[in-house]
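Q: For reference, the chains in residue letters:
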Amino acid sequence: MSIIVNKKTKVVVQGITGQEGRFHTKQMVEYGTKVVAGVTPGKGGQNLDGIPIFNAVRGAVRETGANAAAIFVPPPFAADAIMEAAEAGIGLVVCLTEGIPTLDMITVHQYMKGKQTLLIGPNTAGIISPDKCKIGVMAGYIHKKGRVGVISRSGTLTYEVVDQLTKRGIGQSTCVGIGGDPIIGLNYLDLLEMFEKDKDTDAVVMIGEIGGRAEEDAAQYHSNHMKKPLVAFVAGVTAPPGRRMGHAGAIVSRGVGDAESKMRILKDAGITVVKNPAHIGETVAAVLGQ
Amino acid sequence: MKIHEYQAKQLFHEYRIPIPKGVTVRSAAEVRQALAGLGHIPLVIKAQIHAGGRGKAGGIRIVNGAKEASRAAEDMIDKRLVTDQTDSEGSPVNHVLIEEALETVKELYVGFAINRENACVSIIASSEGGMEIEKVAAETPEKIAMEMIDPSVGLRPFQVNRLFYATGLDSKLSKQMSSIITNLYRLFMYKDCSLAEINPLVVTKDGQIVALDAKLNFDDNALYRHPELMSLRDDQQENPLEVEASRHHLNYIKLQGNVGCMVNGAGLAMATMDLIKHVGAEPANFLDVGGSATSSMVREGLKIILSDKAVKLVFINIFGGILRCDTLAKGVVSAAKELDINVPLVIRLEGTNVDEGRRILADSGLSFTVAENLKDAAEKVSAFL
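So the protein lines, in turn, are chains A and B. Using our numbering, the first residue of the first sequence is number 433, and each one after it goes up by one. Using our numbering, the first residue of the second sequence is number 88, and each one after it goes up by one.
Hints in this document: simulated from the structure, not taken from any laboratory. Just so it is clear, the structure is predicted and the values come from calculations on it, not from any experiment. Every residue, glycine too, gets a C-beta built ideally from N, C-alpha and C. Don't take each hint at face value.
Below, a list of computed lysine to aspartate or glutamate pairs in the DMTMM-like style, where the Cα atoms sit at most 20 Å apart [as the list claims (entries may be wrong)]:
1. B:Lys364 with A:Asp690
2. A:Lys707 with B:Asp463
3. A:Lys707 with B:Glu466
4. B:Lys108 with B:Glu194
5. B:Lys467 with B:Glu369
Simulated restraints, written as ranges between beta carbons of each label pair [to be verified]:
6. A:Lys547 with B:Ala397: 48 to 54 Å
7. A:Ser655 with B:Gln97: 46 to 52 Å
8. A:Lys466 with B:Ala449: 37 to 43 Å
Next comes chain B alone, as it looks inside the complex (with noise of 0.2 Å):
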């Protein structure tokens, strides 16, 4: 689970990490209120969306006093702001982080995450902050420093001590340093983090280390003991049609193409995207309807697929192991009948049941194109197109 940075930031300060002074503003009235005051100083306004690239994008802007920030507040408030990471909508733009505007003189950048290889937590530290951490490990690895915790032991000093001599601050800065790292640490384990970054960690004139940003992502199978992130989530940055789906604990992801597609398992859902690319195709979603899937969550599933008005056709791939080839031939029968299908539906069943599947399609009046195989599915497919 993603959250916003203006969250993650009220986490920072929970966990005495510090963040500049600012305030969240959700409305126009809001902005004029919350500068009310305020003299002519520089002021940083930023919109807030899960995606990233904002900078780039004018979603992120410097201006001076409260005129100006209210302008820009507003220019951005209940708008979308499309950025390289969005797609082509982009994200709605529903709350603005106006923060003070900090002189710096370094840009750091911090990082823990996931290391699978080596399946424990790692850090990377670096003296290059505000960039692309991968741009800067491709291109200058000498500047990152990176330390695998010790599940049995966590995070140890000398390793915080290790990685602020690699980012060759001013040894009077250690104390500050060792102290955000270790509670950034804390607060990755505490709420079962899978990525807590700040870049750019930044080093003020006045000698101050800042977290000027804050991006705290969270391992969606540990939200069940974490009830209290849960109203941090914010729906209105995913796709609805995702969310929708979501509320049916179907695994749907939206793409661009014009081939709806509905697999049970996400591996053969990712095979059958890749099929449909391999017939001059491109898929319009990854749908995992999973491997208990009931007539209803197929019924649903299939709604979700047609309700994208770029679909031209529907491809249904089901290999039945534990969902059974019937359940899911009663879940399309009943869907088709419910619902106003114009587009070509080509069914591929196997697995358990699967004569009792294929008669129930057949039986039921309605036209549907069925594939003998996978080979047989993509030349059918291939042919409506």
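Pulled out of the complex, with its shape left as it was, chain A reads as follows (with noise of 0.2 Å):
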């Protein structure tokens, strides 16, 4: 098992036929991802690869039985391309563009509502259940298939998590990046609440960073309704207040979001917390007993 992907999850592509779009399918295609469908307006008929191209997100919908879509159209139309997808029903929607204006996102949060569409994103890597299925930008080869759920913030610092715990033969069940955005779609909580469920993950990594109150959620949670263990990294110890640091949500803001007392909460409600990043990895191996 693992988390919301799998092989079962039939993608359509939605901003297919960009520079990134193209390239993506590509590489989701060849980690067996099955990719059913891509969306560009005005290029209906064509197709890329032998996968066919429709002009809107229902009519591949109808015809190809898509059940999630993964986002790379441009930051101006992609807040409009996630509520087309998620009035088309479309069950799992991942949002890989990065830039969308705040207030876009605050309509489509609202739009989501009563919805049965989950959202990750956006401006994240995507999503990964190894050997499974993959939806995003991450190389799939880091990655095998175990027991360990992985939830993050941010891209390339989950790369560097996911090389740690493979390199030790610690496989991850499910890798979900929740975007580095202000305003996203699935949070920690969902994800912990799934990770807690699915029987066939051990224990969870966290990886959060400066900005908002997502990871003191997050302990929160846990102290309440988890019984697997946590293992959190907070990234951001060195920001300094008042700037943003590459992604829109990492920003220490009127004494909210700093990195030391996130892990302090986090240490606080029992979570395993991780200071060094070069020690991920080997803290997740004590924490399973390896």
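Put the two chains together into one complex, using the hints given.
A: In structure tokens form, the structure reads like this:
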């Protein structure tokens, strides 16, 4: 088992004919992901390496039974693309686009209320259940199938952590990038709940960073609702307050969201906190008794 | 993006939010011209920098009449102002705002911001203006009123009403206050702000509500749809290396340490800075070259790091996913040949095409210290310090 994506996941790629969309569609297919359709308005009826292209998501769902969407649409149009996928009844939307205006994401968030669609991102590297399905831009080969769940707000730092795990023989059930923006879809809490329920996940690694209160909420959730061990790292101890550290959401603002206080709150909640990013793999191994 | 107070006040004026009468000047000559013929009236002289903490640092002065005002303004213009929110060099004062000093009876706070947890815009109002709002929230939370704005219907009159009564003002001020709050909300939404704050918003002796200060920050991701805001950008308020980096689409932030670092991805960049601290050093910068860096971006990035004279060692940490290690290695080698690098260079490469990347480094004939993994890199960085 794994969470959210597996061998039954059928993906429609929105923005499939763009440079990013085209490149990563190829990569996803090579990894074994079932990419069943693409969407680019005006290019309906064409195909990309045999993948049929539609003008709108609705047609793609009707014709191919796609149940997940990967969005590689440029920022000005990405919010609309998320809403289009949700309206078409897609169960999972993974939005890889970085740079969507915050007010657009507030509208998206409102629109998704009451709908069954799960949103991952935006500004994420995506989601992967090793050997089953990858929807995203991460390098597939560093992953290994196994029993540790990974949740992260960043891309390459997740590769680093996954690499440390894989090199110690620790595989992953599912790795999810929740995205580096201030307003995102699924958050730590939603995913911790799914990992807690997943029979094939033994422990969870959470890669946090400065900004917002999501790590603090996760700490509270873990103490109240979880039995599985959680190992946490929070990036940005050295980040100066008031500066946005690359990700739109990574900013210590008005005394909220600094790394030290996040780590303290996580530790107080009984969570294993790793301070040195080079030690994440060995800490997980120790927690698993390996 | 941040803008100056005087620019924010121009936008306030456009959106019919009352501001004090004033004039912005850029030179001593302009000061004299602006104040010519003005009698002996109280004036406020305000240095225009992006950082806060101006009051305590002498960047805001109350004076009497044109003569004192000229002297105060000339003292500030073309100097640098150091506050508790700037670095030790301070920020350049190229503009000074001169305003009528108002007789006030009450100071309030009103501010709109993005509420991340609830995915909405929220507004805070408080009867305690003129102080840091975080301090008020921590010490006297009962003096803070907050409303979450439902994006499907926007700010509602009942919410404006509730905020007004929470401030404890006399009912006859209700109309003025409602208009200010509603207009500030319009500005926030139309211009894609990330913060719109009036602190203090004052009630004058003659019963007028006026924005004494004005702070607007804009969502960088939305600037593409506001070309009119681009002219408000003041590069001089930013570190020159940061300005240079952004020209090359590099995300660089200057810090105070001596270990320069170049990393792909913001999260890994922060973690790399943290690692540097773990080995007992301080990072000289944050630099994310991004997922799709070209070798020329890598070269420019290295140039920027090395132009910071405090840098005694450079640590390049790349986990290639989209950015391939061979691309990175070519960029580093070409930069090293072009620049005169006199500091040790520790390079850690992992990910796509790592073997090819390592081979390019080894064959270059240049001296790099190559690290196998993050732990090894930490040890090698530490060995040079």
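Q: Within a Cα-Cα threshold of 20 Å, do Lys467 of chain B and Glu369 of chain B meet the stated pairing?
A: Between Lys467 of chain B and Glu369 of chain B the Cα gap is close to 15 Å, so the pair holds against 20 Å.
Q: Is the gap between the beta carbons of Ser655 of chain A and Gln97 of chain B within 46 to 52 Å?
A: This hint holds: roughly 50 Å between Cβ atoms.
Q: Does Asp690 of chain A lie within 20 Å of Lys364 of chain B when you go C-alpha to C-alpha?
A: holds (16 Å)
Q: Quick check on a hinted range of 48 to 54 Å for Lys547 of chain A and Ala397 of chain B, using CB atoms only.
A: Since Lys547 of chain A and Ala397 of chain B have Cβ atoms about 52 Å apart, the given range 48 to 54 Å holds.
Q: Can the suggested window of 37 to 43 Å be confirmed for the beta-carbon pair Lys466 of chain A and Ala449 of chain B?
A: holds (41 Å)
Q: Are the Cα atoms of Lys707 of chain A and Asp463 of chain B separated by 20 Å or less?
A: holds (17 Å)
Q: Does Lys108 of chain B pair with Glu194 of chain B here, judged by a C-alpha cut-off of 20 Å?
A: holds (18 Å)
Q: If you draw a straight line from the CA of Lys707 of chain A to the CA of Glu466 of chain B, is it 20 Å or shorter?
A: holds (16 Å)
Of the numbered hints listed earlier, not one is contradicted by the structure.
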